[in-house]
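J.: What follows is each chain in one-letter form.
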Amino acid sequence: MSDRIFGVFGVLLAIGYAMSALAIEESFLSDAVGPKAFPLIIAAILGISSAVIAIKPDPEPHWPDIGRFVEIAAAVVVMVLYAEFLPIIGFVFATALAATYLAWRLGSTIIGSVATGVGTSVGIYVIFHLVLGLSLARGPLGF
Amino acid sequence: MEILSALGDGFAIALTFENLLLALLGCFLGTVMGALPGLGPSNGVAILIPLAFTLGLGPTPSLILLTSVYYGAMYGGRISSILLNIPGDEPAMMTCLDGHPMAKKGMAGEALSLSGIASFVGAFFATWGLILLAPQLVKVALLFGPAEYFALFALAFMTLGGVSSTNQAKSAFAAALGLGLAMIGVDTQTGVPRFTFGEVHLYDGLDFLVAIVGLFALSEVLIFLEERHGSASAEGRKLSVGRLTPPWSMIKQCTPTMLRTSVLGFVAGVLPGAGASLGSFISYSMEKRLVDKEGTFGTGDPRGVAAPETGNNAAAGGALVPMLALGVPGSGTTAVLLAVLLSLNITPGPLLFTQNPDVVWGLIAALFIANFMLLAMNIPMVGIFTRLLMVPPRVLMPVVAMVSFVGIYGISGSSFDLLVMIGFGVMGWVLRKLDVPLVPIILGTLLGNSMEANLRRAITIDNGDWWTLVDSPLSLGLWAVAIIGFIMPIIFGRVVKNKMRQRKDEEGAISD
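The listed protein sequences correspond, in order, to chains A and B. According to this note's numbering, the first sequence is numbered sequentially starting from 1. According to this note's numbering, the second sequence is numbered sequentially starting from 1.
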């Protein structure tokens, strides 16, 4: 079933891709092939292979139960928040929080996660910023 | 003799203090990454790319660092195979078969040192193979016009799937997806934006480094979260190593095996799409047929340890041949190395050998040096690495995730790229669940633009005639190989892949 859904999604993706390829504005100074042809070939391959996947699906993959799905979704949300807040609150705090969360969800104890989070953040800050001179996001406190 | 003098120049470049230090660092990090289950050669190299850039390294030093990591990871994979029966990365899968039984018999130290020597032999001969074969391949490649290059790219995509997936439709999907992603951005020939949907960040195209780190490193973190597999595989197990030198008789017994599998592994590495996993697999299978008269393979036969280790390291060297000479990588990790070269504004391919001989020969010399360093590191100092196996993923994975973020942020300094990377991480996780190979996606995003450029060039030269693509015997030959390479696995591939799968634990779904 997963493969059938995946295949149908792929066919839709291919159609969408082909439509946006057709919508590319041609420049008046174009070569013989133009900017549309290759994307259209790709869309065709994408569509055919997706159709084959939908018609001849593989055995069902092992999907996690709903709890694990929530787990992954939550981790993704944390990472997105991390990306958004990084320039605002600065590298050290953002990284410590995100790493603590991930360590906690991977089964560390509370104290262990905080230690991992702070250790990762400070460790990266020292190695990458102080030693190697990479510029990291600065927060209001300057780090 | 031209080659020897070029190699001499290469050593002059590689033997500077900075480069030696980088090689040492790369070898150490590579061995660690190879040894830790969950970090393989491709994501190991991927998360270090940003480091190489932010250090402001030039092309040769960056390549020295990253290829040392590549060779090191090939060495490191065997450590957890032997001690824990869990392959540290996919190519080390076959080493479990005889390595772990040897360790159970109390010969862990012998198995580790023997496999270290076997890795050295494989990598050493493969590096010589690279020196001898790459310039010959360059001569052939100089005959290639745009039409032939287009066919060559198609060949790379069509053969790549054969080994990395059981389902050719899924590898075709992956390749098309990668190529499609490469089209995003301003068209280089006419200047019109494509698939940008008005988003200014996309005008430059997607940075393939962002895609690589997201697909490889972040999706690995998500896999670990899903399985809540946070404790070290080594915890609670006794890791006694014992004596660290194999007896001479054992080395002697294994010498013919090592020599044969060096050749076999190298050939497997050069072939497009095969890579190190196949190299170790066919090496083991062939040796089992040839020398396993008493049926001792699988019960801790030293030759069964030497064969796959030699094969995988020889294949790692072999895979560099098409990457350097043609600009078409044959495996996941060499695709990542190609990404490094492209980001440094160096285009691999036949012209690399004439335009940047310092890069090529400096790299080759560094491979020799790294190989000796790795031998030294992996035999007397193997105890350090066995202790590192105790680091549990619940500590390791947050570090991997954060280093990935730092690296990508360090290159561009924009949150937008981080969001794109997270998107690729999620996509990588879903696709791995569905058994869609990730390597063709990477290869597609890397090669998409030059594949299109060659297509358009070929047709423009011939005034818009599409038949020019199959006009010369050379391109016809390439297309024939490509089509055979695509169809063969549909017929035979399932058998080979299933045999490999039988040995595969849930570890590391990334094929290198």
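Don't read these hints as lab results, they were simulated from the structure. Every residue, glycine too, gets a C-beta built ideally from N, C-alpha and C. There's no promise every hint is true.
Claimed, not checked - On the chain A side, residues computed to face chain B include the following (Cβ under 8 Å):
no.: 1; residue: Met19
no.: 2; residue: Ser20
no.: 3; residue: Ile24
no.: 4; residue: Ile45
no.: 5; residue: Asp58
no.: 6; residue: Trp63
no.: 7; residue: Asp65
no.: 8; residue: Glu71
no.: 9; residue: Ile89
no.: 10; residue: Phe93
no.: 11; residue: Thr95
no.: 12; residue: Leu102
no.: 13; residue: Thr116
no.: 14; residue: Leu132
no.: 15; residue: Arg138
Unchecked claim - Facing chain A, according to a computed beta carbon distance under 8 Å, are these residues of chain B, among others:
no.: 16; residue: Glu2
no.: 17; residue: Ile3
no.: 18; residue: Phe173
no.: 19; residue: Leu179
no.: 20; residue: Val192
no.: 21; residue: Leu259
no.: 22; residue: Met397
no.: 23; residue: Ala401
no.: 24; residue: Val406
no.: 25; residue: Ser415
no.: 26; residue: Glu452
no.: 27; residue: Ile459
no.: 28; residue: Gly464
J.: For every hint, state whether the structure bears it out.
T.: Cross-check of the supplied hints:
| no. | hint | in the structure |
| --- | --- | --- |
| 1 | Met19 | violated, 11 Å |
| 2 | Ser20 | holds, 6 Å |
| 3 | Ile24 | holds, 5 Å |
| 4 | Ile45 | holds, 4 Å |
| 5 | Asp58 | holds, 6 Å |
| 6 | Trp63 | holds, 7 Å |
| 7 | Asp65 | violated, 10 Å |
| 8 | Glu71 | holds, 6 Å |
| 9 | Ile89 | violated, 12 Å |
| 10 | Phe93 | violated, 13 Å |
| 11 | Thr95 | holds, 5 Å |
| 12 | Leu102 | holds, 4 Å |
| 13 | Thr116 | holds, 5 Å |
| 14 | Leu132 | holds, 6 Å |
| 15 | Arg138 | violated, 11 Å |
| 16 | Glu2 | violated, 39 Å |
| 17 | Ile3 | violated, 37 Å |
| 18 | Phe173 | holds, 4 Å |
| 19 | Leu179 | holds, 5 Å |
| 20 | Val192 | holds, 5 Å |
| 21 | Leu259 | violated, 40 Å |
| 22 | Met397 | holds, 6 Å |
| 23 | Ala401 | holds, 6 Å |
| 24 | Val406 | holds, 6 Å |
| 25 | Ser415 | holds, 5 Å |
| 26 | Glu452 | holds, 4 Å |
| 27 | Ile459 | holds, 5 Å |
| 28 | Gly464 | holds, 4 Å |
In terms of the numbered hints stated before, the structure departs from hints 1, 7, 9, 10, 15, 16, 17 and 21, listed from lowest to highest.
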